Amino acid sequence: MTHFHYDGRSDAPSTLEEELKEEDYFDYHYDEPGSEPGTLSIEPDANPSRIILIDYDAKHAIRRVDLMPKALIPYLGTNTVSWMDVQGLGSERVLKQVGEILKLHPLLLEDVVNVPQRPKVEDYNQQLLIIAHMVRPRPDEDGFEAEQVSFVLGKNYLLTIQEEELEDCFDPVRDRIRTHQGRVRESGADYLTYLLLDVLIDGYFPVLEDYGERIEELEDKILRSPTQNTLEEIYSVRRELLALRRLIWPLRDVMNILIRSSNKLVSADVQIYLRDCYDHVIQLLDITETYRELASSLMEIYLSSMSNKMNEVMKFLTVISTIFIPLTFIAGVYGMNFKYMPELEWRWGYWLCLFLMVAIACGLIYFFWRRGWFRNFYSTKN
Amino acid sequence: MTHFHYDGRSDAPSTLEEELKEEDYFDYHYDEPGSEPGTLSIEPDANPSRIILIDYDAKHAIRRVDLMPKALIPYLGTNTVSWMDVQGLGSERVLKQVGEILKLHPLLLEDVVNVPQRPKVEDYNQQLLIIAHMVRPRPDEDGFEAEQVSFVLGKNYLLTIQEEELEDCFDPVRDRIRTHQGRVRESGADYLTYLLLDVLIDGYFPVLEDYGERIEELEDKILRSPTQNTLEEIYSVRRELLALRRLIWPLRDVMNILIRSSNKLVSADVQIYLRDCYDHVIQLLDITETYRELASSLMEIYLSSMSNKMNEVMKFLTVISTIFIPLTFIAGVYGMNFKYMPELEWRWGYWLCLFLMVAIACGLIYFFWRRGWFRNFYSTKN
Amino acid sequence: MTHFHYDGRSDAPSTLEEELKEEDYFDYHYDEPGSEPGTLSIEPDANPSRIILIDYDAKHAIRRVDLMPKALIPYLGTNTVSWMDVQGLGSERVLKQVGEILKLHPLLLEDVVNVPQRPKVEDYNQQLLIIAHMVRPRPDEDGFEAEQVSFVLGKNYLLTIQEEELEDCFDPVRDRIRTHQGRVRESGADYLTYLLLDVLIDGYFPVLEDYGERIEELEDKILRSPTQNTLEEIYSVRRELLALRRLIWPLRDVMNILIRSSNKLVSADVQIYLRDCYDHVIQLLDITETYRELASSLMEIYLSSMSNKMNEVMKFLTVISTIFIPLTFIAGVYGMNFKYMPELEWRWGYWLCLFLMVAIACGLIYFFWRRGWFRNFYSTKN
Amino acid sequence: MTHFHYDGRSDAPSTLEEELKEEDYFDYHYDEPGSEPGTLSIEPDANPSRIILIDYDAKHAIRRVDLMPKALIPYLGTNTVSWMDVQGLGSERVLKQVGEILKLHPLLLEDVVNVPQRPKVEDYNQQLLIIAHMVRPRPDEDGFEAEQVSFVLGKNYLLTIQEEELEDCFDPVRDRIRTHQGRVRESGADYLTYLLLDVLIDGYFPVLEDYGERIEELEDKILRSPTQNTLEEIYSVRRELLALRRLIWPLRDVMNILIRSSNKLVSADVQIYLRDCYDHVIQLLDITETYRELASSLMEIYLSSMSNKMNEVMKFLTVISTIFIPLTFIAGVYGMNFKYMPELEWRWGYWLCLFLMVAIACGLIYFFWRRGWFRNFYSTKN
Amino acid sequence: MTHFHYDGRSDAPSTLEEELKEEDYFDYHYDEPGSEPGTLSIEPDANPSRIILIDYDAKHAIRRVDLMPKALIPYLGTNTVSWMDVQGLGSERVLKQVGEILKLHPLLLEDVVNVPQRPKVEDYNQQLLIIAHMVRPRPDEDGFEAEQVSFVLGKNYLLTIQEEELEDCFDPVRDRIRTHQGRVRESGADYLTYLLLDVLIDGYFPVLEDYGERIEELEDKILRSPTQNTLEEIYSVRRELLALRRLIWPLRDVMNILIRSSNKLVSADVQIYLRDCYDHVIQLLDITETYRELASSLMEIYLSSMSNKMNEVMKFLTVISTIFIPLTFIAGVYGMNFKYMPELEWRWGYWLCLFLMVAIACGLIYFFWRRGWFRNFYSTKN
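Residue numbers (my numbering), protein chains in the order written: chain A, 1 to 382; chain B, 1 to 382; chain C, 1 to 382; chain D, 1 to 382; chain E, 1 to 382.
Just so you know, the hints here were simulated from the structure itself, not pulled from any lab data.
Quick caveat, the model's predicted, so the values are computed rather than measured.
Check before you lean on any hint, since a few could be wrong.
Below 30 Å or equal to it, Euclidean Cα-Cα: the simulated DSS-like pairs (lysine-lysine) are [said to hold, decoys possible]:
| no. | chain 1 | residue 1 | chain 2 | residue 2 |
| --- | --- | --- | --- | --- |
| 1 | D | K120 | D | K264 |
| 2 | C | K315 | A | K309 |
| 3 | A | K264 | A | K70 |
| 4 | D | K264 | A | K264 |
Full structure from sequences and hints, please.
Shown next, in the form of structure tokens:
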């Protein structure tokens, strides 16, 4: 499994297994140096590839699952829209056959299979390759998971290749095709591509919203009870936002290129809809940048809060020492063994001495209290 | 109510209710993933929509309130300027009818209804959509409120859609139409749009001025009596300025596009006026950036002030300890029980010893005073 | 008086009056929300407007002061260059009459009167509006004052509008016209504009030089004897440089537009001269940015110096405590009242004990001295 | 040897020899001031130059080693692709002869020989010069080594010049030519150039991956047991990433220029392949920037961790002192020698006094424990 | 003498004289406000101007020194290349005569004489003005000196104006002309300009290399024995790099404009050579930026090292106090004068008590040692 994988570092120490996974954090796929361009590198633990076909026009819509690549041939070259959905990257033979049937450029196939790649659009004249990533919050934990989805848009067909067979976010679109809802059945493969991209992009919002909430919580924690763990959490939020931004930022270029593309595969009508996607990507970037700025402000405030808290404690302790030091000195004086120390003989000497000590202590406390050295201490506590 | 909502974090702990509101802070509206493009999502607590029509030309001006959408039809297609003002986003049926009557693109209607959106201009040939936000200082508190206003400019009409029914900042324009003041009654719907945008943009200045004053106050506080609350306030100012910038920054692009637009709906004459709006937006950005820079300088100065104050206190306390420690040592020496300690037998031993202690204390105090270790302490206090 | 106004925060606490003035710091003029575009807002304390006319060509040059606006009419439309200098913005009627006579666009007049505006060039075909600010060091104090000067360049005339009647920096140009020095009398109104802009821009250099000197002084102070006041001064320098940059930065665009302008009011010949002004503005920006970078380095060094100084003090005090603590412990041991303590009975016990104490103290001092804990202390002091 | 050379500063102090090498860190080659343009400066310790020729087309492929420059002539001007690989820059005569045979511009030869140069493309019409750097992880140590490789692409030939004779990363390409694998034998010299650039760029990924791992390790160290060495290591990582970025950043421009080049030496077909290289370079930059951001976050966290750790220690020690100071005071009181101190006569006075001391100690411990001053201490340790 | 002048602040306090010089640090020349454009301001201490002529073509080359300006006339308008080198800016009359003979624009002459100016190219059709600065390391001290050199390139002649008569870096070029080495004698004035610019730019490398070495040294100092002086040195390096960047940055634009210039004075052939200069300037910028980044990393590391060192000292001292405080308390207990204290009567009470003290001390030392509070201390020392 080569998808991105971020977990909010929890308080409990993470197990070794998790740490090994984390090494995938910021890496892209890279070819074994010296491998022939166009070589597919199948990961040993990748799911076998399943092919699901949805073929529709205004009048009919069929769905066939677990097809062999050759079974796709009759559906190509017709006027109906064919959505071929390949799930899982485990079967090299299947992927190569699909590539041959659709006449995919070897570099195109390489980008699709050797995940993860940076989001991008590539124009191969007869085909348009769009690479994007689907994100979802991690179940049971903080953080998010990302999975690469590649779109190959051709004349009257759309090929989507997903890293994994797990549930994706495309079900609402499938439902809409089935129930003939909205204008999807009347439109071409480009409109279908738009719908899928729209759903995929909308999936980033709940993930970002989670970060918004985590930042809110961190603000509270920092101002109330900052600990070392808070620091680790801020770092982890910054790091994950960095990773998110790396997925979203190139998506902006992707949308921009699609809107301005002169390739006939994307009609002017759909480009108006894509402007909407572009807006959403801009909003995502906006939010990400804002959160990153807030997270680094939080770092500064954390540092200041920590040092404030610590200083108050030290001040409190030092004030206590300072009150007792003169008293101890007085006790020391009357503990001296000089022969002629008149006070020692006085009837009320001891009581006078005690009274002097209490007076000095009160005087110092009053002095410190006037300067406000106790006040701050309590105000930050409560 | 989905408008932006920022409150200057006050000293008292904010109630849970307020915190829930705050979750709206930096979010844009996003579609339920998988919803059909063009779906309107009406918030349950949105105000029902009211329609107010002002129809005028150089000779007459009428105003009709609480119209049904169908009542608008006779006013369209005439040579008079029709300003249709929809207040509140609660009535889906009303909004859809308005959309049908004016032949609005479903995506346009979506942007108008699903608030908040990022400020932008979209050119739909027959219509121009402008999205902006009206801000006002929050009553009784620090911070500001923002409300989305959408302008749909068509041939001889302007449709404005406001999030809420509350008082807006457009009354001066309404008065000017009623009293036939200035050139508004002689001009078209584009001039009206300019007037409304101008009023809306001018509304940002008092909000920013408030932040200027809060920064001035914070400067004073920081240099006089910095506390942990000051820190929270700086953070809150930075955060709100960040939010303001997010409203103003895209407005610059909006004005820029309008000035350069080749769409006939905006005449060259009005574009000269819009240059003025553009200047104002640039000034707003200028001020915002300056305030943000000042606010982050303040953070540094706060940190330095705090640590200075604390250091001075610690120095004072440590100096006191340091003075008493040798004295206590001397008292300890003469508290020893050795049999042969000649000083103990001296007649004036005790007094000599006390004198020695006083001399040492004075010597140390003089030494510390010469090095200036007391001076700083007092100078920062007063 | 609405001009910018910056004072270097001096040691003495600033009076309330000064603080009220300071509220103008970073504000631009903004219209009363809802006011008709083109409304002139005259400040109550503005000086009444005076008009001074200088009319010249190669053969003659006349100067007339305190003219009524109507008296300007004969000088327009001739082949001589007419420089109309309006000083003070207090007389709305005068300003409006001037506007009518020269056929100024209402928005132009608004920008000229409602000060301060951001520096800019606006091309009204028949007229070119240039807004800039004149700066001078504040008399008797640190800081600088700025005053808006607007240039309206028309065919054979130049209208300058200054905020105040006070002395300006244009006298050398007036002298050159009077004494027929240089090529000014042979040239047109565009050359006059260049001369005035050149003088105005050269006026920024001495102001910036002051900041260079203040930064030099701050460097010395910081490395020798940093105090809290030094910090406030750094902040004040940064803030004023920020304000200066806001005046200079848009000036770059102004010069750039003038050099590239295709408007016939500025001849190609004068554009070569304006390139020189452009260079000067670039140099101003260069210096400002350098000073800002130096000022923020100074902040870091200040913080480090302060904490170094404080740490040395604390170290010194702690070293003293640490020396006495074992001695006090020994004294405590021989102050115990055990019955059988052989040392107490020794003839030289007391002296041995004192000797032990001295030895321990010397040992510790030697140890600390060897580690260099005293050295640093003295080296930073001197 | 003039290649870049970075070693991860290890714990052991680096030897003088290593430090002398390090002086090469960030330097480019520069001409002896005043030397004639085109002068070749051969380093005294450079390897003598070896020439290896691989000449191939679809039908044959030969390889000849240790050729004299003149032996190359027959292979030029044919229709077969000739790859001339010069290894080592030590033989001025050989290099000059090669230059004469291929008619290289003197400045081209200078860039190729006087290493290191910044990566770049230069178009000499008949030839295209591409300068890039090969990197590999240093054996046995952290850090990486870089070696300049220059590509001179001409009609049907490719000249590569490597700094050193050591193993390079081109073997997979050589194998593919030999075994007639992939389309290299059917393609021209431009495709060969692409293959070599691709291999070279892929070689950066494992180097960057090392840094990813070092950052992961640093994260762990910082949160568990930060030391001064950790700091040095962060600095060293930042510095080496800076050096890497300097190699990768200009490579982006190189690829960009090649993709857009209108020079016929690079065919449109190969430009599609070069787009893939461009993507890889973008990904490298992406990763480098992310690592740099992470490394500077780590610095902040390190500083905070260090000061947290230290503060906790100081707090612990101060708490201990604060507990004992009141007890010592009480002991001091009953050590006074007043004649009339009733408590001293009590039968259980001593025990009461001890009980009082224990009670005070427990009270203080409880008080400190309640405020959480012990808790933090233990939580950060474990 | 108005040239730039930077000295690395040495340990010894700089004399007043040096400080006065330093005021020139970041200033450009600016005109006396109000002076006529084209006014030459001769500094009182400027060297008198000397003129040296080198006139050459492929067949001959002559050199004449200390010419009067009029003596230059015969050499102009011929087909030989005339290089007129003016050294020193002290003689206004000479400079003006040169200006008249070569028909220099008054603004050109102003830029040449009123030093220092920002590096730039100005195209006066018949002439091309290039302003650059020659730098050299300061003799005997850290830091560098800069001197403005202006190049006026005309048809078949090159006029260079140097601020000072001192040795320049142009001797290698003079030698090459004299000895007919390279292609200079066959080429025009543009090739000569290229040669001189190349030599001038190459002169920056050794200066930057010095900074590289100073940064290396600072790294060592910081990690071994940071002092306040180290801080001042970092600041001084940053400041001088800032100044260097100000000289190099505009040089990039200069080279860029020259390469793209369509002015016939620079032939296409020489533009290929100038690309090489451009590369060198880019490399200079690269190095400068890298050093600036390293220098600010060093600042952070310095701060952290300092506070680490200090903290270790404080920890050591506090640990010592903490060990003695409980012992002193025990001594205090047995110093109390209660009548009934059974331990005091015990035969081995005193020894038991001493044993208890030693045990407690050892226990604490062991406890602190286990927590690693001594370890760090020693590891950072060595």
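Checklist line | Pairwise hint evaluation, K309/A against K315/C, where the allowed Cα distance is 30 Å at most | finding: holds, 22 Å
Note to self: Check whether the Cα positions of K264/A and K70/A lie no farther apart than 30 Å.
What the structure shows: holds, 27 Å
Check: Do the alpha carbons of K120/D and K264/D lie within 30 Å of each other, as the hint requires?
Finding: holds, 18 Å
Checklist line | 30 Å limit on alpha-carbon distance, applied to hinted pair K264/D and K264/A | finding: Holds, at roughly 28 Å.
Violation of the numbered hints given earlier is absent; every hint is satisfied by the structure.
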